[in-house]
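*Asks:* One-letter residues, chain by chain:
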Amino acid sequence: MAVIVQTEVFDPGAALSAFSLGLPDAGGVVSFTGIARKDGGKTEMLELEAYLGFTEPWIEALVEEARSRFNLCGATVIHRVGPILPGEAIVFVATAAAHRRQAFEGADFLMDHLKSRAPFWKKEHGPDGARWIEPRQADYQDLTRWTADQPPR
Amino acid sequence: MARVLLFGVLRDLAGWREQIFEDVSDLDDLHSDIARLYPDLAEAISGPGVQVAVDKEIVRGNSILSPGAEVAFLPPMSGG
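Respectively, the protein sequence lines represent chains A and B. The numbering used here puts the first residue of the first sequence at 1, with every later residue one more than the last. The numbering used here puts the first residue of the second sequence at 1001, with every later residue one more than the last.
Among the clues, some could well be false.
[As the list claims (entries may be wrong)] Derived EDC-like pairs: lysine to aspartate or glutamate, alpha-carbon spacing no greater than 16 Å straight-line:
hint, chain 1, residue 1, chain 2, residue 2
1, B, K1056, B, D1033
2, A, K38, A, D128
3, B, K1056, A, E65
4, A, K123, B, E1070
5, A, K38, A, D112
6, A, K123, A, E134
7, A, K42, A, D142
8, A, K123, A, E56
9, B, K1056, A, E60
[What the hints assert, rightly or not] Stretches of chain A that chain B covers, calculated by requiring three or more beta carbons in the stretch to come under 8 Å of a beta carbon on chain B:
hint, segment
10, 7-16
11, 20-34
12, 46-53
13, 96-103
[To be verified] Cβ pair distances, simulated, as ranges:
hint, chain 1, residue 1, chain 2, residue 2, range
14, B, S1046, A, T144, 42 to 52 Å
15, B, D1023, A, L85, 22 to 32 Å
16, A, P57, B, D1012, 22 to 32 Å
17, B, D1026, A, K42, 39 to 49 Å
18, A, T144, B, Q1051, 19 to 29 Å
Hints are computed from structural coordinates only; laboratory data are not their basis. Note that beta-carbon positions come from the ideal geometry of N, C-alpha and C, so glycine has one too.
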């Protein structure tokens, strides 16, 4: 179970290859890569801020929750911070489980929580200046999918 | 002495990211100092959704600050 928060650009394909090695108990691997959108030219750059030493343990606790809830035999999260250009990967999540449903759900659960609750602050730089972004209502709505049998984080 | 860290919109509002506050023994002390020096920031950190972490643990209400404590004001998180 690895969590990495980094400023460096990364290659999601290489991350998936590395993750997929050495998972003898896995019957399936699921990955998701979130990419910075240009949004029709409105976004020239995203700036992501984390509280190092606080953000990583938060994500580690989330990964641990996903591991036990979906019986994952492996999970990894890579998250960028700092300036991010359109087309670059922002976040990479991969999960491995004995059966595909658990791997799909584990990745879905991780992304829904990362997108809405994770300790990041996001600023969008565009032709009209910069503005801080808050989660969309849809992001909070997505969270309720996981709260049927336990409270949201 | 406490090391204060600001994130997101709070950092832009105050115009600084990190600052040392001398002679503060708890969060109430710190709030008083911030209110005196940076009234706009004091109002913002009292606003809805702003959380306070002392030494990287979220706290609610007043909290004793050990010497050299790190106090972070966290505006509503945007997610990744």
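*Asks:* Checking each numbered hint in turn, tell me which of them this model violates, lowest number first.
*Replies:* Violated hints (numbers, rising): 1, 3, 4, 5, 7, 8, 10, 11, 13, 14, 15; every other hint is consistent with the structure.
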